[in-house]
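Next come the chains, spelled out residue by residue.
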Amino acid sequence: MTNDPPEFDKIIAALRSSASADELSGEDAAVEAMASTLASTPSTVRSLGSARSLRVVAVVAAGLIGMGGIAAAGAATLRPARDTAEISTADTVVDTTTPASVVATTSPATTSPATTVAETTVPGTGVETLVDDPATEFDETQCAEGNHGATVSSIAKETPPGPGHGEVVSDAAHSSCGKNADDDATDDTTVAPVDDPTTDFDETQCADGNHGATVSSIARATPPGPGHGEEVSDAAHSSCGKDTAPDDDASDDTATDDEATDDGTATTVAATDDDSPGNSDGHGNSNGHGNGNGNSGGNGNGRGNGKPGG
Amino acid sequence: MDEWIERARAGDREALAALWRAHQHLLLRYFRGRGSTQPEDLASQVWIDVAASLHRFSGDSDAFRRWLFTIARRRQIDATRRSARRPEDLDPGAGAELADASSAREFEDVGALDRALALVRRLPPDMAEAVLLRVVADMAVDEVAQVMGRREGHVRVLVHRGLRKLAEELAVTDEALPAINRL
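Note that the protein sequences, when read in sequence, are chains A and B.
Read in order, the letters of the first sequence correspond to residues 1 to 310 in the working numbering.
Read in order, the letters of the second sequence correspond to residues 1001 to 1183 in the working numbering.
Hints were generated in silico from the structure; no laboratory data involved.
Heads up, some of the hints might be wrong.
What the hints assert, rightly or not - Derived SDA-like pairs (lysine to any residue); straight-line CA-CA distance at most 25 Å: (1) A/K10 <-> B/R1007; (2) A/K10 <-> B/K1165; (3) B/K1165 <-> A/E7; (4) A/K10 <-> B/R1021; (5) B/K1165 <-> B/P1178; (6) A/K10 <-> B/R1182; (7) A/K10 <-> B/D1174; (8) A/K10 <-> B/G1111; (9) A/K10 <-> B/P1124; (10) A/K10 <-> B/A1140; (11) B/K1165 <-> B/L1177; (12) B/K1165 <-> B/E1143; (13) A/K157 <-> B/H1025; (14) B/K1165 <-> B/R1150; (15) B/K1165 <-> A/A213; (16) A/K10 <-> B/R1164; (17) B/K1165 <-> A/A13; (18) B/K1165 <-> A/I12; (19) B/K1165 <-> B/P1124; (20) B/K1165 <-> B/D1126; (21) A/K10 <-> B/R1122; (22) A/K157 <-> B/P1178; (23) A/K10 <-> B/R1150; (24) A/K10 <-> B/R1161; (25) B/K1165 <-> B/G1153.
Stated by the list, open to error - To list a few chain A residues with every Cβ distance to chain B over 12 Å, as calculated: (26) S36; (27) S154; (28) R220.
All C-beta atoms in this analysis are idealised placements derived from N, C-alpha and C, irrespective of residue type, glycine included.
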């Protein structure tokens, strides 16, 4: 009886049956709710329309800004190829980079030997010096305000459209114009070795500012036997020869950073141009150019060389 | 139906009521078949969503049904998520209803629809949904596929296996095969 096919058909028929009175109860309330919702829809439509328009504008603007940022980042990314050849990992480095990062304030030569940036530092404090960057056709002396983004923007506006417009704007974007001295951490290197109280090693023994060489010499100078390992360990754990200042800028980072905790990576290779994006100082993709729109540092993480916008 | 949709969009209450009467029971069965403990509440939400978005809808009655069940599906998913977060919301009576279904034949007072929905609820969720949309909402396989975001072939398999399982539950597999193949 229950195994005959009509049982299955009954199930299907039940699922497809017409509505019961119970299922259709509450019609009035439902229709009322729908009607009131529908009545409030026209204003909703308008707001949705305007919201959609705003969204489109926002997306277009974001796209344009993004494209600009990508263009700037792309251009900046290409630069290290040139600069890489000039990077030295030696402890005494002569800065051979283009003076694109010359907008700088420096303190007097109190830097540790490892962080000398001889050619780009300008004696004196708090003085912002603008030097035309020969790498670009843009004359940095045109730069009147310390806002990189605003300056690039004004250059873009003032330059008539047509051939060469993009190049001029690009040059401005790549220039050091408008970059604050605060953004250049060449003065951050003025940290002398300090005795690390956590070790017995006297940092004043540190002569050449090269951590590895110092530790090595300590190891050789200390006679084998009890205390040898401890002495060497202390030397290794000391700050001797390390750039103890936070590395906010690659321009001062003329020597290989030895301490991973100092700059986020133990394999950092010094970069001598603060325009260099990438991981030159271990702080992510900071680049000195922002996106040409006054934004800070393109993809920088806030610790890099990004220039604050207007 | 197409005329109702047009008039409902203009705010005609009669048309709104007609749409509601034509689809409300389908929504309730869909939600009940999916195991919802509060099908009326979910259906109400669906209708509010419909009213709020009706100005954006364009299409015929079939398109309206697809749209309606697409909204219903989303509301069901939302409800399932809420239930997962708050297990206390689960209806303890649902299990009893399943027990009813398993012994449905001994309880002739249980309505055929209730029995059918209880059986559907015992299917895996995807199968149950496919069967409900195909059988209850009377959608074509390609429409079910659109609503579920699956390929037609997958939906066809789900429907077939779901119906077959129903037939197995009823111990009428062989006899039901022709009907299953028609669906």
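To see whether the hints hold, each was checked on the structure:
no. : hint                : result
1   : A/K10 <-> B/R1007   : violated, 36 Å
2   : A/K10 <-> B/K1165   : holds, 15 Å
3   : B/K1165 <-> A/E7    : holds, 14 Å
4   : A/K10 <-> B/R1021   : holds, 23 Å
5   : B/K1165 <-> B/P1178 : holds, 14 Å
6   : A/K10 <-> B/R1182   : holds, 15 Å
7   : A/K10 <-> B/D1174   : holds, 16 Å
8   : A/K10 <-> B/G1111   : holds, 11 Å
9   : A/K10 <-> B/P1124   : holds, 21 Å
10  : A/K10 <-> B/A1140   : holds, 21 Å
11  : B/K1165 <-> B/L1177 : holds, 11 Å
12  : B/K1165 <-> B/E1143 : holds, 22 Å
13  : A/K157 <-> B/H1025  : violated, 64 Å
14  : B/K1165 <-> B/R1150 : holds, 20 Å
15  : B/K1165 <-> A/A213  : violated, 78 Å
16  : A/K10 <-> B/R1164   : holds, 14 Å
17  : B/K1165 <-> A/A13   : holds, 17 Å
18  : B/K1165 <-> A/I12   : holds, 13 Å
19  : B/K1165 <-> B/P1124 : holds, 10 Å
20  : B/K1165 <-> B/D1126 : holds, 13 Å
21  : A/K10 <-> B/R1122   : holds, 18 Å
22  : A/K157 <-> B/P1178  : violated, 76 Å
23  : A/K10 <-> B/R1150   : violated, 28 Å
24  : A/K10 <-> B/R1161   : holds, 18 Å
25  : B/K1165 <-> B/G1153 : holds, 18 Å
26  : S36                 : violated, 8 Å
27  : S154                : holds, 44 Å
28  : R220                : holds, 66 Å
The structure is inconsistent with the numbered hints 1, 13, 15, 22, 23 and 26, although it conforms to all the rest.
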